[in-house]
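Colleague: Take a look at the letters that make up each chain.
Number of protein chains: 4
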Amino acid sequence: MKEVKDYKIGGNFSDLVDKMEKSGGFGAKSLGKAVQILETMNKEKCVRFLSFPACIVSTGLRGVIAQMIERGLVDVIVTTCGTLDHDLARAWGGKYYHGSFDADDTELHQKGVNRLGNIFIPNDSYGKPLEEEMNPILEELYKKKKEWSGRELIHEFGLRLEDESSILYQAAKNNIPIYTPGITDGAFGTNLVWFSQDHDFKINLLDDEKELSGLVFKKDIKTGALMIGGGISKHHVIWWNQFKGGLDYSVFITTATQYDGSLSGARLKEAVSWGKIKEKAKYVTVDGDATIILPIILSALYEKS
Amino acid sequence: MKEVKDYKIGGNFSDLVDKMEKSGGFGAKSLGKAVQILETMNKEKCVRFLSFPACIVSTGLRGVIAQMIERGLVDVIVTTCGTLDHDLARAWGGKYYHGSFDADDTELHQKGVNRLGNIFIPNDSYGKPLEEEMNPILEELYKKKKEWSGRELIHEFGLRLEDESSILYQAAKNNIPIYTPGITDGAFGTNLVWFSQDHDFKINLLDDEKELSGLVFKKDIKTGALMIGGGISKHHVIWWNQFKGGLDYSVFITTATQYDGSLSGARLKEAVSWGKIKEKAKYVTVDGDATIILPIILSALYEKS
Amino acid sequence: MKEVKDYKIGGNFSDLVDKMEKSGGFGAKSLGKAVQILETMNKEKCVRFLSFPACIVSTGLRGVIAQMIERGLVDVIVTTCGTLDHDLARAWGGKYYHGSFDADDTELHQKGVNRLGNIFIPNDSYGKPLEEEMNPILEELYKKKKEWSGRELIHEFGLRLEDESSILYQAAKNNIPIYTPGITDGAFGTNLVWFSQDHDFKINLLDDEKELSGLVFKKDIKTGALMIGGGISKHHVIWWNQFKGGLDYSVFITTATQYDGSLSGARLKEAVSWGKIKEKAKYVTVDGDATIILPIILSALYEKS
Amino acid sequence: MKEVKDYKIGGNFSDLVDKMEKSGGFGAKSLGKAVQILETMNKEKCVRFLSFPACIVSTGLRGVIAQMIERGLVDVIVTTCGTLDHDLARAWGGKYYHGSFDADDTELHQKGVNRLGNIFIPNDSYGKPLEEEMNPILEELYKKKKEWSGRELIHEFGLRLEDESSILYQAAKNNIPIYTPGITDGAFGTNLVWFSQDHDFKINLLDDEKELSGLVFKKDIKTGALMIGGGISKHHVIWWNQFKGGLDYSVFITTATQYDGSLSGARLKEAVSWGKIKEKAKYVTVDGDATIILPIILSALYEKS
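Chains as they are written, first to last, in numbering that gives the first Met the number 0: chain A, 0 to 304; chain B, 0 to 304; chain C, 0 to 304; chain D, 0 to 304.
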């Protein structure tokens with residue numbers, strides 16, 4: 000057994016996460032281990048999945064994720080429709096503001112301000128502009144072909160942005176595919192629905208899945224995943240990875256709890272029983288708010304590389 | 000202000016939830032209020048949405064949800080692909096077992112047993128059988144037409160079941176639509192992908208959305224929602240309801256927390272700012288495990304009706 | 000392995016918790032098991048500990064706990080100073096009101112209203128009256144002797160109440176000891192401090208512990224515990240029970256999570272390693288809000304007895 | 000309203016927490032604000048309370064807290080008996096080890112290893128040695144006087160240690176009082192009980208409270224509190240601060256949730272209604288595991304000073 004040593008504050012991020020892994024106990028140990036796993040994942044030439052929910056794209060973490068792509072830490076992204084909504088809204092000039100969890104939501108509604116946790120999103124930063132910007136692009140794309148996969152569509156939108164902090168921009172620029180298995184669940188998807196009402200326009204849902212299938216059925220491929228939050232994005236990553244015998248590396252950041260049987264709260268070890276993570280994989284679940292946990296992990300990771 | 004009175008145990012479910020609403024405080028008050036809202040929702044002729052995640056379909060709650068449909072408490076269902084997987088697997092004879100959260104997942108994997116919280120699902124209750132049962136039905140449907148919406152497909156599968164405890168069976172029998180905005184995210188969806196590899200078979204993703212759109216754009220319609228858990232199912236229900244000016248009634252059962260900005264943890268009042276719930280709607284968030292909360296609510300509700 | 004069966008709503012509390020234990024999965028299974036354990040605990044002639052935090056005494060659950068004592072379900076109580084505060088305040092006529100978690104706390108402060116979750120407690124229901132009622136009793140007791148144990152003091156206050164919904168009243172009447180290892184942490188304790196400033200009045204802290212020690216060192220004694228919430232009350236119960244080789248039965252209701260290493264979130268199985276719960280004990284942790292979980296458990300338990 | 004800006008990883012802790020406060024959103028914003036508040040608290044000549052639970056003293060954070068005292072960040076400590084237990088056990092040579100939350104607790108018990116979250120504590124690092132080391136010191140102190148306050152006792156034990164990572168050592172050396180309102184709730188307290196069985200030895204419980212009272216009734220005093228976790232320690236800090244009109248500054252780190260009415264989960268704003276925190280105080284609740292949150296906060300704080 001390894002002894003728990005007392006430690007002192009001092010040094011940089013890299014020092015701190017090392018101390019946490021060696022001596023931090025409880026959640027700190029998991030965070031320290033997460034950095035080690037991600038470091039290995041980046042050194043090994045493995046296919047690195049990143050999944051995350053839309054909510055964090057409404058915060059400054061959008062830039063942090065864009066930077067991850069820019070720095071080459073990500074090979075495949077799986078996320079939700081809301082990510083497209085917030086990323087595009089902000090790339091097209093929409094402004095998001097600091098608010099409060101305790102705001103009066105009726106008052107906000109009357110002012111035309113939407114609340115996302117402690118972020119305020121005025122209607123004119125989000126809904127209408129999104130529709131107005133999307134339509135000309137859809138017209139343009141529709142002229143090319145009538146049926147698109149989600150990944151293709153998202154790529155096309157990314158190509159048309161000029162915002163270094165945009166996730167779609169960086170993904171398009173660096174040729175990183177973005178998959179959104181629930182692409183209709185938000186403003187982006189709904190604008191596709193509206194557009195399809197007077198255009199013979201279609202989303203080929205199965206094409207994205209065939210690509211993911213092709214990806215994991217490659218021979219001798221190693222895969223790793225950094226999964227932020229649960230829901231459909233997390234599930235989609237582990238789901239496809241079962242077909243190659245499971246992830247080799249995995250870090251999961253969550254605030255959810257397991258007792259209710261939810262996938263969002265399920266510890267990664269559960270995925271081992273399903274073969275979604277390999278028995279011998281390196282993996283860790285870090286409990287906590289991604290807006291805090293992720294920047295710490297990345298700060299240490301960048302220092303170490 | 001209304002005084003808090005002490006109460007005593009005694010009486011039936013209906014009595015208890017009344018006492019909780021009047022005197023229970025904290026979470027009990029929310030549970031009591033939830034029953035009142037659902038009671039009103041059922042009396043009013045409003046369109047009642049039910050959303051839930053897949054995990055609970057692996058428990059005995061599957062029968063409870065089937066019973067809700069049978070008793071006419073639900074008009075529209077929004078759920079995830081995993082619901083289809085577990086409901087079909089069990090309707091086709093797959094057996095699920097009581098297990099433990101603390102099981103050794105490596106050992107389980109070697110035995111071919113998948114763990115879902117404290118439920119054990121042997122491989123032969125789930126994966127292969129699902130594929131073998133689905134394929135002939137897909138062949139049959141493919142002969143009818145090559146492009147299907149998710150709702151249509153699910154209905155067809157439901158029609159072919161004979162299991163009173165099945166959600167798909169009761170939904171088909173009672174003509175209740177089931178929408179799964181992330182239909183590819185699981186075994187059902189993946190079997191569609193495999194099938195489409197040697198068939199010119201397509202899922203029309205946007206058709207489901209057009210139906211939902213048609214549903215909420217009806218004039219003078221009132222809507223209510225019982226949402227169990229967060230994720231894509233919850234979001235999809237509130238998303239579409241914004242287009243009619245928001246839900247009139249809403250009950251949300253969750254174990255998630257709001258501080259991380261997640262939709263799964265967002266209190267319902269947040270949805271008011273977005274116009275997804277009406278300013279004057281009756282709504283309540285009940286914190287707790289749906290396997291406990293839902294049966295209590297329904298027991299009281301059935302007694303009252 | 001035991002198969003998971005679907006179930007339907009119908010029947011009384013006793014029926015429901017049986018179904019939950021057999022088929023409920025996730026948290027419902029724990030709740031069902033909790034009822035079974037408590038039933039056995041009551042049948043066996045074991046010493047039954049009850050621990051709980053103060054907060055629930057501000058709700059109608061105060062009456063429910065008083066009723067537990069009245070019905071003979073409890074042999075020893077361990078709780079916090081706040082329990083004394085709220086129980087006495089309300090026994091002496093203080094009125095508590097339904098409020099809201101989202102209230103404006105600055106406004107409340109200016110109005111002299113204290114908020115405890117969603118309960119509002121006006122100053123004149125709590126602080127001053129408590130002091131004014133306590134002092135004459137303390138004068139009276141001081142004349143008897145100058146040094147009191149906590150248990151003795153609490154008993155004397157209970158004897159002077161006339162409120163069937165009071166925990167202290169029922170405990171005194173039924174001769175059930177109440178121990179508060181943190182007796183100074185609240186209004187009751189602070190009034191003792193004020194009183195001792197002009198009286199040679201003392202609390203003998205160690206006497207309570209000697210009694211607890213005497214209790215658990217009895218030969219061949221069996222013990223069980225229903226612990227609501229964590230903190231000092233839970234710890235004190237399991238702490239003393241280690242000296243007799245551990246609890247034989249235990250049910251723990253909590254909303255806390257284990258990843259942070261907290262005792263409040265520690266699953267009961269952790270206590271087995273310490274010998275605070277026997278290796279072969281029957282025990283279960285139920286995750287959820289006690290204002291919901293406890294009344295359900297008791298409703299079923301009373302029906303069964 | 001202040002706009003949310005995207006940010007990038009880079010720079011030191013101080014840079015990161017600034018970015019979090021300006022752009023992090025959700026929990027990150029709270030963490031950034033916490034650093035600002037603590038910085039102000041240290042610059043202002045206010046009396047700084049530190050409260051924390053015992054569990055973290057079993058991890059390397061023990062050294063981090065000792066360092067806080069050494070660096071002069073703390074004026075008054077309020078904690079639980081378990082802190083004394085773990086701090087003394089380790090100062091006297093007891094070794095704690097890295098373990099796992101998923102360990103087999105029956106097996107551990109049979110090996111004489113106690114589990115505290117993911118920390119393993121062999122019996123011979125903890126129980127017996129504590130008793131053997133404490134007794135001679137108690138004999139020595141008993142010769143001086145027969146009645147001790149908790150604060151005095153703890154100070155005496157601290158004076159006899161030689162361990163720079165010890166909280167009691169640093170507190171004694173720097174003359175920082177440690178109050179434990181539930182001093183009997185653990186090994187330290189129980190050894191006092193055993194000792195008192197054959198010695199006329201007493202703990203004067205009310206003396207500590209009189210000291211705290213003297214502390215907060217000083218004229219024109221400003222107070223601040225860093226409270227880690229809930230329970231009796233948190234409550235005791237805010238409780239006493241109400242008598243001076245409330246805390247001027249406060250940072251609360253918690254993993255608990257408010258819906259159950261618990262004090263551990265109550266947001267700091269609730270304390271404003273009670274006058275335990277001033278209406279105009281600077282305060283923030285940070286949700287997360289203290290083993291992660293505290294080192295980040297301190298790293299930034301030390302860089303800034």
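Accuracy of the hints is not assured; some may be wrong.
[Claimed, not checked] Straight-line Cα separation of at most 30 Å, DSSO-like style, residue types lysine-lysine; simulated pairs:
{"no.": "1", "chain 1": "B", "residue 1": "Lys7", "chain 2": "C", "residue 2": "Lys209"}
{"no.": "2", "chain 1": "B", "residue 1": "Lys32", "chain 2": "C", "residue 2": "Lys32"}
{"no.": "3", "chain 1": "B", "residue 1": "Lys42", "chain 2": "B", "residue 2": "Lys281"}
{"no.": "4", "chain 1": "A", "residue 1": "Lys172", "chain 2": "A", "residue 2": "Lys145"}
{"no.": "5", "chain 1": "C", "residue 1": "Lys268", "chain 2": "D", "residue 2": "Lys7"}
{"no.": "6", "chain 1": "D", "residue 1": "Lys303", "chain 2": "A", "residue 2": "Lys32"}
{"no.": "7", "chain 1": "A", "residue 1": "Lys44", "chain 2": "D", "residue 2": "Lys217"}
{"no.": "8", "chain 1": "B", "residue 1": "Lys110", "chain 2": "C", "residue 2": "Lys21"}
{"no.": "9", "chain 1": "D", "residue 1": "Lys281", "chain 2": "D", "residue 2": "Lys221"}
{"no.": "10", "chain 1": "A", "residue 1": "Lys144", "chain 2": "B", "residue 2": "Lys142"}
{"no.": "11", "chain 1": "C", "residue 1": "Lys201", "chain 2": "D", "residue 2": "Lys7"}
{"no.": "12", "chain 1": "C", "residue 1": "Lys127", "chain 2": "D", "residue 2": "Lys7"}
The set of hints was computed from the structure by calculation and includes no laboratory data.
Fair warning: this is a prediction, and the values are worked out from it, not measured in the lab.
Colleague: Against each hint, give a clear statement of whether it holds in the structure.
Modeller: Now the hints, each set against the structure:
For the proposed pair B:Lys7 and C:Lys209, the alpha carbon gap of about 34 Å is over 30 Å, so the pair is violated. For a cut-off of 30 Å, the pair hint linking B:Lys32 to C:Lys32 stands: about 27 Å separates their Cα positions. Taking the CA atoms of B:Lys42 and B:Lys281, the gap is near 14 Å; set against the 30 Å cutoff, the hint holds. A threshold of 30 Å between alpha carbons decides the hint, and for A:Lys172 with A:Lys145 the separation of about 24 Å falls inside it, so the pair holds.
Our distance criterion of 30 Å between C-alpha atoms is broken by C:Lys268 and D:Lys7, whose separation comes to about 43 Å. As the CA atoms of D:Lys303 and A:Lys32 are separated by approximately 28 Å, the hinted pair is consistent with the 30 Å bound. Distance hint between A:Lys44 and D:Lys217 is unfulfilled; the C-alpha atoms sit about 64 Å from each other, more than 30 Å. Taken as a hint, the B:Lys110 and C:Lys21 pair is honoured in the structure, with Cα atoms around 24 Å apart against an allowance of 30 Å.
Under the criterion of a C-alpha separation no larger than 30 Å, the hint pairing D:Lys281 with D:Lys221 is consistent with the structure, at around 12 Å. For the given pair, A:Lys144 sits about 27 Å from B:Lys142 by alpha-carbon distance, which is consistent with the 30 Å threshold. For a cut-off of 30 Å, the pair hint linking C:Lys201 to D:Lys7 is broken: about 60 Å separates their Cα positions. Between C:Lys127 and D:Lys7 the CA atoms are separated by roughly 54 Å; this puts the pair beyond 30 Å, and the hint is violated.
Going through the hint list in order, the structure does not satisfy hints 1, 5, 7, 11, 12.
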